[in-house]
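Trainee: If you're matching them up, the sequences are chains A and B in order.
Each residue of the first sequence is one higher than the one before, starting from 3 at the first, in our numbering.
Each residue of the second sequence is one higher than the one before, starting from 8 at the first, in our numbering.
None of these hints come from the bench; they were simulated from the model.
Any given hint might turn out to be false.
[Stated by the list, open to error] Cross-link-like lysine to aspartate or glutamate pairs, in silico, DMTMM-like; alpha carbons within 25 Å at most:
1) A:Lys213 to B:Glu278
2) B:Lys145 to A:Glu167
3) A:Lys232 to B:Asp286
4) A:Lys232 to B:Glu278
5) A:Lys214 to B:Glu278
6) A:Lys131 to A:Glu299
7) B:Lys42 to B:Glu195
8) A:Lys424 to A:Asp367
9) B:Lys145 to A:Asp432
10) A:Lys232 to A:Glu167
11) A:Lys424 to A:Glu398
12) A:Lys213 to A:Glu249
13) A:Lys396 to A:Glu425
14) B:Lys145 to A:Glu228
15) B:Lys145 to A:Glu249
16) B:Lys145 to A:Glu435
17) A:Lys214 to A:Glu105
18) A:Lys416 to A:Asp326
19) A:Lys323 to A:Glu65
20) A:Lys213 to A:Asp151
Each chain is listed here by its residues.
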Amino acid sequence: MRKYGILVTVVIVSLLLAISLGQLAGAESEADEIKIGLVAPLTGGASTTGTDMWESAVLAADEINAAGGVNVNGVNMQITLVKGDTETSREGGVKVVTKLITEDEVDILVGGFSSGITSADQVVAAEHKVPFIITGASSPTITHRTDIDTSYFFHHCPTTDDYGESTILFVDEIVKPEIYEQFDFPADRPLRLAVLYQDSAYGVGVYDGIKKTIENYNLNMEVVAEEKFKMSETDFRTTLTVIKAAEPDVVYPAAFLNEQTLIVSQGMRDVSLNTIYLSVECNDDPDYYTGVERWGEYSIQESRFGPYAIPSGPLQDAVVKFRDDFEAKWGAPPSMMGASTYEGVYIAAEAVKDAGTRDKGAVRDALAGIEMTQMVEAMKDGVITFTPDYRESKFELYMQQLIWDETVGETRPKIVWPDSVKETDFVLPDWYEPGSAPTPEEPGFEAVFAIAGLLAVAYLVLRRQK
Amino acid sequence: MDIGVLIQILVWGIYAGCIYILLAIGLNLIFGVMKVVNFAHGELLMLGAYAAFWIYTFSSINPYLIVPLSMLLIAILGIFIERLCFRPIMGTGKLNEIFLSLGLIYLFQNLVAFLWSTNSRYIRSPYGEVVVHIGAIKLPLDYLIIIIVTIVFLIAFQLFMKKTTTGRAMRATSQNREAAALMGINVERMDMLSFALGSALAAAAGSLWLISGQMANPYMGAIPAIKAFAVVIIGGLGSIPGAIIAGMTLGIAENVVPYFMQALVAVFGYEMSFTGWKDTIAFLILIIVLILRPTGIFGERGE
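This is chain A alone, in the form it adopts within the complex (with noise of 0.2 Å):
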């Protein structure tokens, strides 16, 4: 009975033991790293896009470490990325970013794609004061809202206004002038635009962004069908039929990637909508390429980072080097959701580096004065820094059209604009129809369904007093 009591005793003592040790090892462990909550569209409908994100973080955290880690006040600390997935909805957004910050205590946030979900759960990062380096939602709103503390908020990807401003002004100086030189147009004609966008904070910010642009711009262009859906639709049919009969010069979606492949293979193929379709720098991705086939042939796509074209300049080996070391790792090329995420996390790192600890505070500070030089997209002066005012860091930004390229099966994109970094000119395609007014029609068969539907309803009414 003895033995078995000095044997239970031995047991525990040393199960105690092994636990103190191994929360010691933990501790010194955590103490020696800095933890990154990579917060994304992991699963559910951007999940493509969530995924890319977090293999790209991936590959800058290994590259760091294996370069030795941050070095933080003279100790070499390794970067532990934790997965954030926010399931595509913004319920998921709000229980991953509370969970990372209070069950995985990270130090600090990167990621967070599209807006809408952004906007829900920064919500709880603000709250926590916890530093967000936001890399993948575009409204304006996520560091110009004032219903929260944004100063912990740096949005390192364009805004919605960008995307809008850069797009129109392309449209105003490139495509326009080659519709009407074609067809002959009278130079005071206004440019049909039509408008397809998402509804949610992304794709209202696009539209916003395109008539602030046409305004600001004083141009001659006119919005002639406006029409929104709803995130992850699918059937845009009947919505290309209806833009189809107000007769537009050029086409701009506010699209997700899987969306955007539907509008323009749906628009050519179903609708026979013959134009030049625009297109939002999300969709810059080898799966739309795959995805869209030849409808996408000619259309134009705003970019900053893409997988096949790269602007001619200072950053070319950089971004070659990135792609080839992203397709190594994972056997695919990195999306622009990718690129951003990836200098994401060097810029939490250098952050960290130059805060000398990972005090939330401290890093906030340093993130507002950080200076890096551009790493794989191109950024205005050459800097990554963030505006004093709302924390935004500035892109250059270009514009491609899709070309078809035999030897893939698939187009690829050429650079067309501007001038600094242009690939080839803009190419008007012979299949394109233009818009013109429609003739105005007398009332006739709106007037009768009016009518007809007033009648209705007053029958019913009637019927039930009786």
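Following the hints, position chain B against chain A.
Mentor: Quick look at chain B alone, frame taken from chain A:
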């Protein structure tokens, strides 16, 4: 209002209606025979689309010939689901059935995402660039084929249910399970067959949807499933003719009504788009039907 535009929109509505009908009939059949509400029915559509995609990828045969193969595969899967999941819990309470089918949604979505990633998958129809001219209207041939294929499926389904012994046994089980069992009908076999047939119809919907240019991904089943449930409720729980009429009505209404509404407000001098109101219209119809006739158009009182 342009009549040409209206006709074209009507065709998109009929096409959407065909997909809803195929999905809703399967759902209704399973409910009618087993009295089980399978919330994971949209996932059978998704798996049907994936089955079509993989068969097409490995065989490269005409996508329309793949539809029956996809239906067969998903019918077999349906048998497994019925035998392994629903049969053991039948009669143990509706809550168990609901949570089981909700669990199946997550299981299938995550399994597909794990096996084949969340990347979108496509099939290109060989008739993708063939357009049929009907007056001034241009309609892609694929949509006409899909509408015809759906009609063929519906006729075959009705013939099976009305003219064959098995079909009549399924209807009898649907009408009165106990009486059917007393008459010597193997009701458990009917459960299995109805689940297989319902799953096959969901697979047909998924395959045809994919061929028409949609993309397959693990989460594609959610929205069509919600619409199919709306169709079932509007048409009446367990009613096959109700599902056909409600499916077509819903498909047409959610496409055509926004255009009418746009024309209507234009009469009063306003310019407003209603194309984003598709789902609102679908569920508005559902609410109106439930207020006026709580059992649905063809539903029986007390069901």
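Trainee: Look at each hint and say if it fits the structure.
Mentor: Cross-check of the supplied hints:
1. This hinted pair checks out: A:Lys213 and B:Glu278 have alpha carbons roughly 17 Å apart, not beyond 25 Å.
2. With a CA separation close to 35 Å, the supplied pair B:Lys145 and A:Glu167 exceeds the 25 Å bound.
3. A distance of roughly 9 Å separates the Cα atoms of A:Lys232 and B:Asp286; the hinted pair therefore holds under the 25 Å criterion.
4. Of the supplied pair hints, the one linking A:Lys232 and B:Glu278 holds, its CA atoms being roughly 20 Å apart against a limit of 25 Å.
5. Between A:Lys214 and B:Glu278, the direct Cα distance comes to roughly 20 Å. Compliance with the 25 Å bound is thereby established for this hinted pair.
6. Taken as a hint, the A:Lys131 and A:Glu299 pair is broken in the structure, with Cα atoms around 46 Å apart against an allowance of 25 Å.
7. Taking the CA atoms of B:Lys42 and B:Glu195, the gap is about 13 Å. The hint holds against a cut of 25 Å.
8. Pair hint A:Lys424 plus A:Asp367 does not hold up; C-alpha atoms about 38 Å apart against a cutoff of 25 Å.
9. In summary, the hint linking B:Lys145 to A:Asp432 is supported, as the alpha carbons are separated by about 20 Å, within the 25 Å threshold.
10. For the suggested pair A:Lys232 and A:Glu167, the alpha carbons sit about 24 Å apart, so the restraint of at most 25 Å is met.
11. Taken as a hint, the A:Lys424 and A:Glu398 pair is honoured in the structure, with Cα atoms around 13 Å apart against an allowance of 25 Å.
12. Straight-line distance between C-alpha atoms of A:Lys213 and A:Glu249 comes to about 19 Å, which keeps the hinted pair within the 25 Å bound.
13. The suggested pairing of A:Lys396 with A:Glu425 holds, with an alpha-carbon distance near 23 Å, which does not exceed 25 Å.
14. A hinted pair counts as satisfied when its Cα atoms are at most 25 Å apart, and B:Lys145 with A:Glu228 qualifies at roughly 24 Å.
15. Between B:Lys145 and A:Glu249 the alpha-carbon distance is near 16 Å, which keeps this suggested pair within the 25 Å criterion.
16. Taken as a hint, the B:Lys145 and A:Glu435 pair is honoured in the structure, with Cα atoms around 15 Å apart against an allowance of 25 Å.
17. Restraint check for A:Lys214 and A:Glu105: not satisfied, since their Cα atoms lie roughly 43 Å apart, outside the 25 Å limit.
18. Under the criterion of a C-alpha separation no larger than 25 Å, the hint pairing A:Lys416 with A:Asp326 is consistent with the structure, at around 20 Å.
19. For the proposed pair A:Lys323 and A:Glu65, the alpha carbon gap of about 12 Å is at most 25 Å, so the pair holds.
20. Taken as a hint, the A:Lys213 and A:Asp151 pair is broken in the structure, with Cα atoms around 28 Å apart against an allowance of 25 Å.
In terms of the numbered hints stated before, the structure departs from hints 2, 6, 8, 17 and 20, listed from lowest to highest.
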